[in-house]
Amino acid sequence: MKQIVIISGKGGTGKTVITGAFAALAENKVMADCDVDAADLHLLLQPDIKERHEFRSGKTAVIDKEKCIKCGKCAAVCRFNAINNDLTIDRVSCEGCAFCSFICPAGAIKMEENVSGEWFISETRFGPMVHAKLGIAEENSGKLVSLVRKQAKELAERRNADWVIVDGAPGIGCPVIASLSGIDCAVVVTEPTLSGLHDANRVIGVAKHFGVSCGIIVNKYDLNMSMTERIENYCKDNNIGLIGKIHFDKSVVESMVNGKTAIEYPAGIAKEEIIGAWQVLQKKLK
Amino acid sequence: MIISVASGKGGTGKTTIAVNMALSIDGGVQFLDCDAEEPNAHIFLKPVIKQSKKVFIPVPEIDEKKCTYCGRCRQVCAYNAIAVIKGTGGKRGSILVFSNLCHGCGSCSYFCPEGAIKEVNKEIGEVEIGSSTALTTSTVGFMQFIHGRLNIGEAMAPPVIRQIKKYINPTRTVIIDAPPGTSCPVVEAIKGSDFCVLVTEPTPFGLNDLVLAVEVLRKLAVPFGVVINRSDLGNKKTDEYCESENIPILMRLPFKKEIAMAYSKGEPIVKVFPEYRKDFRQLFDAIKEKKGSL
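Chains as they are written, first to last, in our numbering: chain A, 6 to 291; chain B, 72 to 365.
It is possible that some hints are incorrect.
As the list claims (entries may be wrong) - Selected chain A positions facing chain B (in silico; Cβ < 7 Å):
#1 D42
#2 A43
#3 G101
#4 F104
#5 E144
#6 G176
#7 H214
Claimed, not checked - Dumping the calculated BS3-like pairs for lysine-lysine here, alpha-carbon to alpha-carbon at most 25 Å:
#8 B:K328 / A:K255
#9 B:K327 / B:K308
#10 A:K70 / B:K290
#11 B:K336 / A:K255
#12 B:K328 / A:K250
#13 B:K237 / B:K362
#14 B:K262 / A:K64
#15 B:K262 / A:K148
#16 B:K327 / A:K250
#17 A:K148 / B:K193
#18 A:K7 / A:K64
#19 A:K265 / B:K307
#20 A:K78 / B:K189
#21 B:K308 / A:K255
#22 A:K148 / B:K290
#23 A:K155 / A:K213
#24 B:K307 / A:K255
#25 A:K138 / B:K262
#26 B:K193 / B:K136
#27 B:K308 / A:K138
#28 B:K193 / A:K213
#29 B:K137 / B:K193
#30 A:K213 / B:K125
#31 B:K237 / A:K78
Think of the hints as simulated: they come from the structure by calculation, not from any bench.
Given the structure is predicted, the values throughout are model-derived calculations rather than measurements.
Here a beta-carbon is modelled for each residue, glycine too, at the ideal position from N, C-alpha and C.
Working from the sequences, and respecting the hints, build out all of it.
What follows is the structure, given as structure tokens:
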């Protein structure tokens, strides 16, 4: 079984479009959406939810006003500015360290467990999918991403799947790091812009830091051919495989609007190029 | 006035809107790029960096000469960042710190009964301060530029964002370029803003993530409006959503290959097409008006 993750550094380069297309192309696979705070893969795969679970993670301080003697010790030790001047908790800022609850001489502060999201096991027209929804403004500690990864892997093992295809998050922080563990290849989707290359370079740095091998897809490559050339040179200089180059193709947007993957849509050139990229990736991982 | 620019979905044009608005309004703004994981505004604003400051978080360092392996630090650590094995039968115990799990709350060192824990600084990133001369005109004036960069392999951007925001000068017009998403880094960046511009694109992905971003702003009680980028791609559902939720649409920017080309080369739109400056000024006026009417 091979596990691949689609990441990008920069947002909006086409991670989910590529993940959806690979989901349509791969045989015998399980999908996982690890962009848990702005998940979109479900819009293409339209999962039918079979299992629904609460995700509990971290704690938040709660002050009992009756017991509080207004000494202010809690506010003095809190390093997250989570205790307001009127000695109430700013729930958004609280990181759940519990320092305040230990220090409170009146025993007025309790730590309450957060239900910070939900995760699901679903069926799609391409096979099973594990996905999640982080609560609004919750801490994306990477724990929910790790949970989705673990569930997807176990499901794939139970079903003897050949592939786990993971849609990653933008950025380089905790959700991305959590999505990289145990990955056979990180597919970095970028675009021919200075920002795209700058951000791809940083996320490739993270993947290398954790010993994960990478390949690059240049999406919308015809929007700036000289930047595309620069990215190709970057691949050569850094010994990173170029998996594919995909045209800017409005039919990709149309397929998305119709809730279809780029592969299912009677589309133009991008579809063929994505199929080509999938073949290159399969060979690379053999 | 502090204006943040956020999006939910990545790649919708946050940086484009933030940079071009900053370059179109008079008086010299303070520009803060708070996307510490993937900062991009510097590519367009080409600032001259004058000062650089490392960002540290305090992590525990154990003095094993004093440690009795009592386990109190492990007990108070909410992040499982300390493991303690007690000594048995005359054998010394052992203690391990996982500094990448540490949030730097300071509990362990405070509660250690032996005074064996000292906090030491661990570098997680840096903040750079400078000024941009990308497009100086007599009216635009001097722009102060601040951004931060999370070190590769570090997981937590919020401490870097907090450090960037310490430089906020509330007497100026402050423009914050926020990271994508809906979780802690975004909240850290937007918190305390007077107004937030949500940049979206009229596609199912854009709309799905816009709805999530709207929930974040309602939770934070920050007033907001929407900019629809690549407004001629996709469908009408985003317009319908904004109308039904009574969310003002502040600006529409159609997809143009020339704009995409300028972006790809790191050139602000208003530099290549100065006629757009009036549109971005209108956007700023619309924000002021919305803010004033609240």
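Here is what the structure says about each hint:
no. : hint            : verdict
1   : D42             : holds (4 Å)
2   : A43             : holds (4 Å)
3   : G101            : holds (6 Å)
4   : F104            : holds (4 Å)
5   : E144            : holds (5 Å)
6   : G176            : holds (4 Å)
7   : H214            : holds (4 Å)
8   : B:K328 / A:K255 : holds (12 Å)
9   : B:K327 / B:K308 : holds (21 Å)
10  : A:K70 / B:K290  : holds (23 Å)
11  : B:K336 / A:K255 : holds (22 Å)
12  : B:K328 / A:K250 : holds (18 Å)
13  : B:K237 / B:K362 : holds (23 Å)
14  : B:K262 / A:K64  : holds (21 Å)
15  : B:K262 / A:K148 : holds (24 Å)
16  : B:K327 / A:K250 : holds (21 Å)
17  : A:K148 / B:K193 : holds (23 Å)
18  : A:K7 / A:K64    : violated (35 Å)
19  : A:K265 / B:K307 : holds (18 Å)
20  : A:K78 / B:K189  : holds (21 Å)
21  : B:K308 / A:K255 : holds (18 Å)
22  : A:K148 / B:K290 : holds (23 Å)
23  : A:K155 / A:K213 : holds (22 Å)
24  : B:K307 / A:K255 : holds (16 Å)
25  : A:K138 / B:K262 : holds (22 Å)
26  : B:K193 / B:K136 : holds (22 Å)
27  : B:K308 / A:K138 : holds (22 Å)
28  : B:K193 / A:K213 : holds (21 Å)
29  : B:K137 / B:K193 : holds (22 Å)
30  : A:K213 / B:K125 : holds (23 Å)
31  : B:K237 / A:K78  : holds (24 Å)
When the structure is compared with the earlier hints, a violation turns up for hint 18 alone.
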